[in-house]
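> Could you put together the complete structure from these sequences and hints?
First to last, the protein sequences are chains A and B.
Heads up: the first sequence begins at 0 in numbering that gives the first Met the number 0, then just goes up one per residue.
Heads up: the second sequence begins at 0 in numbering that gives the first Met the number 0, then just goes up one per residue.
Simulated from the structure, these hints should not be mistaken for laboratory data.
All C-beta atoms, glycine included, are put in the ideal place defined by N, C-alpha and C.
Among these hints, one or two may not hold up.
Claimed, not checked - Taking beta-carbon pairs under 7 angstroms as the criterion, some of the chain A residues facing chain B (in silico):
(1) Thr102
(2) Leu104
(3) His154
(4) His289
Stated by the list, open to error - If you want the ones that stay clear, here's a sample from chain B, every Cβ over 12 angstroms from chain A, calculated:
(5) Val50
(6) Ser116
(7) Leu202
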Amino acid sequence: MSAPLLEIDRLAVSFRAERGRVHVVDRVQLALAAGETLALVGESGCGKSITALAIMRLVPRPGLIEAESRICFAGRDLLSLPVAEMRNVRGGKIGMIFQEPMTSLNPVTRVGAQVEEAIRLHAKVPAGEARRRTVELFQTVGIPDSGIRVDAYPHQLSGGLKQRVMIAMAMAMQPRLLICDEPTTALDATIRAQILELIRNMATTTGAAVLLITHDFGVVNAVADRVAVMYAGQIVEEGAREELLSRPRHPYTQGLLRSIPRPEARGNRLEEIKGVVPRPGQWPQACRFHPRCPHAFDRCRSETPARTVVSPTQAAWCHLVDEEARA
Amino acid sequence: MVVYLVRRLAYGVLTVFGVMLLLFVLFFGVTNPDDIARKAVGERAMPEVYVQWKKNHGYDRPMFLNTEHGVFDGRRYSDTLLFEHFRRLLSFDFGRSDNGDEPIARRLREGAGPSLSLTLPLFVLGLVLGIGIALLAAFFRETYIDRAVLLVCVVTMSVAGLLFIIGGQFLVGLLLKWFPVSGFDPNATVIARFLALPVLIGLVMGFGPDVRLYRTVFLEEMNRDYVRTARAKGAGDARVMLAHVLRNALIPILTNVVMAIPFLFTGALLLESFFGIPGLGSLTVDALNGNDFAMLRTMVYLGALAFIAGQILTDVSYALADPRVRLS
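See the structure below:
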């Protein structure tokens with residue numbers, strides 16, 4: 000297998016706090032092959048959005064990407080790239096769309112102009128050409144009356160249309176990687192499937208890989224090839240979608256999947272994971288999930304779990320899985 | 000938009016009437032014409048001089064209703080202080096000054112030029128400098144650059160304006176002799192020499208509050224999601240700050256700025272009087288000191304008009320700058 004398109008290793012992001020630094024992302028390891036769709040799943044506050052922003056080197060202040068982190072994209076170390084070259088990567092090689100289409104577009108600029116800006120920042124094209132391409136892009140992302148809508152202001156468009164504009168903007172330069180940070184969370188349920196479908200189609204036709212950040216297993220099921228589950232700033236399990244969804248090995252993944260409401264379990268009490276998500280800076284020692292884990296034993300409290308391969312396409316960071324594999 | 004403007008103007012007219020009424024109470028009720036005349040001619044003047052002065056300045060009319068010449072004569076009926084007050088202000092026919100007995104209109108015409116030659120450069124430079132420095136401070140937030148700017152702001156805001164004026168005149172005018180201490184000459188070749196010091200000191204005096212306000216607005220905008228989007232599509236720092244942050248921050252800044260435009264015409268009280276610039280500001284100060292009530296009344300009225308005009312202008316500029324604002 001050739002080198003993956005994106006390879007993240009020992010990624011750590013910390014924020015300055017009253018005493019010392021608080022890590023919100025801690026030694027995250029991830030790989031994404033060209034054209035692949037990876038879903039990064041986890042509860043809010045687990046560090047998945049910060050991981051995505053770290054790839055773009057857009058971690059908000061006072062957040063800091065720690066020195067030992069490595070993010071390798073298409074053979075280049077993004078974290079050591081000069082700022083000017085990093086700007087070429089942003090929007091040019093990696094596109095990104097965000098959770099809130101309502102606030103993610105500049106409210107006082109026409110949406111077409113915002114997409115044109117994305118084009119002209121990376122390609123030396125005359126204004127007319129940029130506009131023509133923008134209208135075309137609007138058609139591609141399914142915005143009706145695209146020739147008129149390019150001159151609309153964001154507040155004149157619905158949430159779904161705004162997210163389509165965001166997708167058009169992110170895909171304008173046909174990036175090799177599209178990062179979607181909860182792209183459907185802020186949208187109506189009826190629009191969600193359309194937007195997911197659009198993201199998948201755009202990725203397929205351009206051959207872009209997708210890093211999809213979500214907390215919704217419905218979304219995972221609809222679009223992901225592979226899934227990585229994050230808890231308390233770390234990856235706890237990763238694997239091919241079907242395998243991971245049907246045979247989750249990490250107790251956290253199992254708990255997450257059990258807590259999804261299902262039609263056949265109607266009438267029964269919905270299962271939940273006991274306890275609450277620990278806040279950054281208050282993460283437990285050793286295995287961070289052990290206080291909430293129904294299977295925790297001595298080793299979980301004293302030793303940080305390592306990556307245990309359970310199949311060629313699945314791995315978990317769990318002592319229980321490790322002991323089972325050894326047995 | 001047009002409907003809104005018409006309504007806003009109608010409200011403006013109502014407000015102007017309110018202002019005129021208030022002015023009447025202040026200038027003819029609180030200080031009555033007898034006091035004004037007494038002050039103008041002096042306590043020991045002959046009664047005939049006093050009566051003649053009142054007659055010359057039109058202060059001898061009855062207050063509200065003129066019944067001297069019979070109730071059936073409509074014109075005489077309204078020949079009163081109240082009607083005269085409204086008629087003059089509404090028609091911008093301000094009459095003659097109490098002090099010096101000059102046409103007020105001429106004084107205004109002569110004062111507007113010197114006032115504008117001071118306030119206009121002060122306004123433009125203050126705006127450009129304030130926005131530029133605030134942008135820098137916001138961009139370098141929480142670094143020593145930002146802290147230095149804030150320190151200068153707080154220090155200049157804490158020191159009384161008079162100290163800057165007198166200190167500046169002493170240092171730059173007397174010790175360094177770069178510019179004249181005060182004075183004015185409208186001649187184009189030398190006007191800049193006379194204006195340099197007051198403009199400089201005006202900038203220092205206005206710097207603090209403006210920069211602090213703009214910086215706060217910029218910082219607020221810089222944290223918004225669309226700024227992150229702009230960075231994510233590859234925009235550099237300069238583009239993010241100028242094309243995105245500044246463009247959005249302009250909306251709240253406009254309120255502060257547009258409001259000030261009509262007041263450029265009414266001049267700067269402190270600077271003009273201390274630097275001997277014969278503008279409308281020093282005219283107002285002179286009127287205050289010289290008990291020139293007719294002049295003062297005019298200036299207060301024009302100030303109120305400027306305020307109302309500023310408010311309407313602010314609303315309109317809001318609508319022009321922010322596509323989300325619909326005036327209705």
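> Would you mind marking each hint as holding or not holding in the structure?
Structure-based check of each hint:
no. : hint   : verdict
1   : Thr102 : holds, 4 angstroms
2   : Leu104 : holds, 6 angstroms
3   : His154 : holds, 5 angstroms
4   : His289 : violated, 35 angstroms
5   : Val50  : holds, 65 angstroms
6   : Ser116 : holds, 35 angstroms
7   : Leu202 : holds, 29 angstroms
Of the numbered hints given earlier, the model fails hint 4 alone.
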